[in-house]
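In order, the protein sequences belong to chains A, B and C. Residue numbering for the first sequence is 1 to 137, as defined by the numbering used here. Residue numbering for the second sequence is 1 to 138, as defined by the numbering used here. Residue numbering for the third sequence is 1 to 316, as defined by the numbering used here.
None of these hints come from the bench; they were simulated from the model. There may be inaccurate statements among the hints.
[Claimed, not checked] EDC-like mimics (lysine to aspartate or glutamate), calculated; alpha carbons at most 20 Å apart, straight line:
| # | chain 1 | residue 1 | chain 2 | residue 2 |
| --- | --- | --- | --- | --- |
| 1 | C | Lys123 | C | Glu112 |
| 2 | A | Lys122 | A | Glu94 |
| 3 | A | Lys100 | C | Glu121 |
| 4 | C | Lys77 | B | Glu74 |
| 5 | C | Lys207 | A | Asp109 |
| 6 | C | Lys153 | B | Glu74 |
| 7 | C | Lys18 | C | Glu102 |
| 8 | B | Lys97 | A | Glu94 |
| 9 | A | Lys100 | A | Glu132 |
| 10 | C | Lys233 | C | Asp264 |
| 11 | C | Lys207 | A | Asp24 |
| 12 | C | Lys142 | C | Glu168 |
| 13 | A | Lys100 | B | Glu83 |
| 14 | C | Lys142 | C | Glu211 |
| 15 | C | Lys233 | A | Glu94 |
| 16 | C | Lys111 | C | Glu22 |
| 17 | A | Lys116 | C | Glu127 |
| 18 | C | Lys135 | C | Asp125 |
| 19 | C | Lys233 | B | Asp98 |
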Amino acid sequence: MSAFRVPILKVGDVLIVSIQSDIDDRTVIEMQHRVLEQIERTGARSLLIDISLLEMVDSFTGRMLSDIAAMASIMDSETVVVGIQPAVAITLVELGLELKGVSTALDVDDGLRILKERMREKQRRHQYGTRENLAAG
Amino acid sequence: MAPGKISPPVERLRIETSDDLVGLRRSVRDAAIATGFGATDQVRLVTAASELARNIVLYAGSGFADISPVSRQERRGLRVRFEDQGQGIGDLDLAMKDGYTSGCGLGKGLPGARRLVDEFEISSEVGRGTVVTITKWL
Amino acid sequence: MPSDTPTPANTPNPRTIKILTERENEILEAWIENRVASSDFRETLISGEELRSDSQTFMRAFITALANSNTEEMRGKEFNAIRRLLLEISEARAAQAFSPSETAFYVFSLKESLLPFLRDEYKNDPELLIDELNKISKALDKLGSFIFVATIKNRERVIRQQQQDMLELSTPVVQIWDRIICLPLIGTLDSRRTQLMMERLLERIVKTRAEIAILDITGVPTVDTQVANYLIKTVTAVRLLGSTCIITGVGPAIAQTIVHLGIDLSGIITRNQLSDGIRLAFELTRQRVIPINSFVDGETATEKGDSDERVQSAHP
């Protein structure tokens, strides 16, 4: 029996990871590896992790989300986590996990919008930086 | 141990690998729903159980969890008892403090789990093992 | 008369059980008659049918329990069944406006009705009679007082439900605009209320896809460390969902308290006036409110007079 792998789709310039059920730690770690590989392979600059179907996020999962965002950022990719359920949000706060450094959005639509804005902002800054360099000569 | 009627454990689950955690979470969730807990409390119970069970996998190697419905006077609740024969926790006070990390850079998640439940009892002996019991009331 | 084998102190004598069982109907009639004849009986509230039916059911259950269980401890499924029955009866009677006392006395009055029958059976055994009367009396006393306990529990349940309803009524989430909702908090924030408030707010955020949730605390009388923590907790949870929380209604008193208590509100957006919070909400959602006659021929007019003139000249 082959191990279950979390589906990772590429839609335009965005990698979309959809965690649709409670998964074991090993699958989580495997997913993390594969996401980073995909970022490298496809050059995707945006990562959207959809956990709207996840009914529990404990410290391990929370740390995993933070780690992925940090690692992706090092590889110059922006990450948004979407769909944290109300009960999960309350529990995370009570656990003391704020997922600092992880951007969140209500749903995939908002998540994609935010990623697009961030990309635009990045390009603007990049262009500005380049113009500055050129002007400086 | 707190007074009150305790029914025989509905389930005893072996905790050894991270795969076992998935089964434990499902069982705790089912038991929580059966007891009558609302959505948020269900998530609290499952999350706390996941934290404590993972501790067993990470630090003790193996152990088990007993899920039992409990009642006290007219109140109903759910109790999960985690037991292992692992290395034990030397300084319980320290382990229960927020921000404590053991050698591998991971906190044991005990204070967090405690905040999610109504009653939290822990006893541990170095070299003998640890028992953690959590209870939540409707 | 042959002497009977001694029975345990807490179980009625088999003779008693036999008498109660054999003469059940007579006892029932006597009980009903006594009840109806008593000074405190209110016949307008309950029909004869109902009284008879309830009394019969109760007596039968009582006799069964006496025969099969320990009257000292009154445990076991028979006595549990009686208690359940009494709960039903007392709830029905309460709905019919009987007071718990009346229902309890209804149970106590069975003692009186049983007396002649027991006296008859034990007329040659006064000691035995006293014993048996004692046992039955004790059992009925406990059952009668159970009614009071049940009534109190029922009332407590009603109060809890009303408190719940009040909590719900006091946390109305209002949709101000597309993707902007507002929750005016009124009254003290305790742990239970905060819990409910957070759950409702978060659910509404998801349901309405609100980008901004404005929490107005004008109506919250005191903000101490505890309340501040509740607010911080709420703001954090809202952020995790992917929305932004703005706290409005933060007046001078609260501002002073927060600083004096050393509470760190960094990262939390606060405004004094609700209207400022709304204005900010519009900005954050990339919207702006402008007067209707601002745009004429693509230009923005600064005064109403200007725009009127322009309109006139456009239509000669």
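Each hint, compared with the structure:
Pair hint C:Lys123 plus C:Glu112 holds up; C-alpha atoms about 17 Å apart against a cutoff of 20 Å. As the CA atoms of A:Lys122 and A:Glu94 are separated by approximately 34 Å, the hinted pair breaks the 20 Å bound. Of the pairs offered as hints, the one joining A:Lys100 and C:Glu121 is violated, with about 83 Å between alpha carbons and a cut-off of 20 Å exceeded. Taken as a hint, the C:Lys77 and B:Glu74 pair is honoured in the structure, with Cα atoms around 17 Å apart against an allowance of 20 Å.
Of the supplied pair hints, the one linking C:Lys207 and A:Asp109 holds, its CA atoms being roughly 14 Å apart against a limit of 20 Å. A C-alpha spacing of about 10 Å is found between C:Lys153 and B:Glu74, which places the hinted pair at or below 20 Å, so the restraint holds. A distance of roughly 30 Å separates the Cα atoms of C:Lys18 and C:Glu102; the hinted pair therefore is violated under the 20 Å criterion. At most 20 Å may separate the alpha-carbon atoms for a hinted pair to count; B:Lys97 and A:Glu94 meet this at roughly 15 Å.
With a CA separation close to 32 Å, the supplied pair A:Lys100 and A:Glu132 exceeds the 20 Å bound. This hinted pair checks out: C:Lys233 and C:Asp264 have alpha carbons roughly 12 Å apart, not beyond 20 Å. Taken as a hint, the C:Lys207 and A:Asp24 pair is broken in the structure, with Cα atoms around 30 Å apart against an allowance of 20 Å. At roughly 39 Å between alpha-carbon atoms, C:Lys142 and C:Glu168 are farther apart than 20 Å, so this suggested pair is violated.
For the hint linking A:Lys100 to B:Glu83, the alpha-carbon distance of about 33 Å lies beyond 20 Å, and the restraint is violated. For the given pair, C:Lys142 sits about 60 Å from C:Glu211 by alpha-carbon distance, which is inconsistent with the 20 Å threshold. At most 20 Å may separate the alpha-carbon atoms for a hinted pair to count; C:Lys233 and A:Glu94 meet this at roughly 8 Å. Restraint check for C:Lys111 and C:Glu22: satisfied, since their Cα atoms lie roughly 17 Å apart, inside the 20 Å limit.
This hinted pair does not check out: A:Lys116 and C:Glu127 have alpha carbons roughly 95 Å apart, beyond 20 Å. Taking the CA atoms of C:Lys135 and C:Asp125, the gap is about 16 Å. The hint holds against a cut of 20 Å. Between C:Lys233 and B:Asp98 the CA atoms are separated by roughly 17 Å; this keeps the pair inside 20 Å, and the hint holds.
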